[in-house]
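Student: Assemble the whole structure, with the sequences as input and the hints as a guide.
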Amino acid sequence: MFTLLGLSTIIFFLLILIGVAVIFSFIPVGLWISALAAGVKIGIFTLVGMRLRRVPPAKIVGPLIKADKAGLNVTVNQLEAHYLAGGNVDRVVDALIAAERADIPLTFERAAAIDLAGRNVLEAVQMSVNPKVIQTPMVSAVAKDGIEVKVIARVTVRANIDRLVGGAGEETILARVGEGVVTTVGSAESHKHVLENPDSISRTVLGKGLDAGTAFEILSIDIADVDVGRNIGAQLQIDQAEADKRIAQAKAEERRAMAVAKEQEMRAMVEEMRARVVEAEAEVPRAMAEALRQGKLGVMDYYNMQNLLADTRMREGLARMGGEPGEPGESSRKGKER
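So the sequence shown is numbered by full-length UniProt numbering: it starts at 1 and just counts up by one.
Don't read these hints as lab results, they were simulated from the structure.
Virtual Cβ for every residue (Gly too), placed ideally from N, Cα, C.
Label-pair restraints from in silico Cβ distances: (1) L219 to D145: 24 to 34 Å; (2) D90 to L236: 51 to 61 Å; (3) N77 to A37: 18 to 28 Å; (4) E253 to D145: 29 to 39 Å; (5) G209 to K251: 44 to 54 Å; (6) G207 to A38: 50 to 60 Å; (7) D301 to Q264: 38 to 48 Å; (8) S190 to Q264: 50 to 60 Å.
Tutor: Structure below.
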């Protein structure tokens with residue numbers, strides 16, 4: 001009997017301990033005690049409500065203690081609402097503390113809006129105190145004399161808290177500075193002027209107000225490096241001359257093709273005319289035969305004409321044989337003459 005009573009008592013105390021452990025694990029008593037020790041008034045039921053709303057109390061109580069110690073007027077509801085909206089409560093509170101110490105006007109609503117916009121509000125506050133230097137990639141521009149100039153610039157910027165929401169980022173600053181460098185170098189009469197006065201680039205670019213609509217304020221633009229590149233003007237002239245040469249060659253080839261075609265056409269016409277001559281000559285025997293049948297041509301006339309043709313052919317043959325000096329036909333002809 002005694003054993004059963006002792007066992008029941010032990011089980012009862014174990015259940016009590018388990019219940020207390022469960023309660024203390026659900027109710028953040030430790031955080032509540034820490035808040036009381038820090039002088040921050042927060043109810044135990046408020047912490048329980050955070051558990052029910054699935055908000056980690058540690059992510060609210062810690063920043064709340066920091067804000068209270070820094071003298072900031074921040075409520076639990078503001079921190080909890082920002083956490084539920086997906087913001088970083090600890091970073092917002094750190095940014096508010098840094099802004100307070102640097103005497104930068106920044107409200108909780110503004111800081112929360114910047115954080116929810118995807119920007120690092122703490123880094124922005126730090127950049128407002130300590131400006132940041134960003135370097136542009138190598139910008140290639142061509143002066144009026146056709147010489148390429150390569151420029152690298154360093155831009156000192158400071159974050160503008162009022163324009164962080166909706167303002168353009170660093171990429172826009174770099175793009176605008178690059179555009180200003182190209183415009184300034186392109187308007188220079190000679191690349192030597194740019195090399196002698198690189199500060200003229202920074203003065204011209206800085207006076208264009210390139211930080212308008214951005215989240216930054218440009219403090220200075222310094223030319224880090226200036227180098228001479230290719231002779232673009234000469235290269236363009238070479239390319240133009242090469243293109244003109246190819247065009248002239250194409251036109252000459254076209255004229256040659258037309259001449260060849262014309263030559264072939266003329267040869268075809270010559271062959272056609274020869275065929276017509278042969279055709280006309282073929283009509284001569286027919287005409288003679290018809291004349292003989294009709295009695296318009298006598299037999300003796302026909303033989304006389306044949307003799308005349310034979311004599312003509314003989315003379316032509318002798319002429320061909322004696323056409324070149326020193327040939328046998330020529331010597332025999334001279335002998336006959338003597």
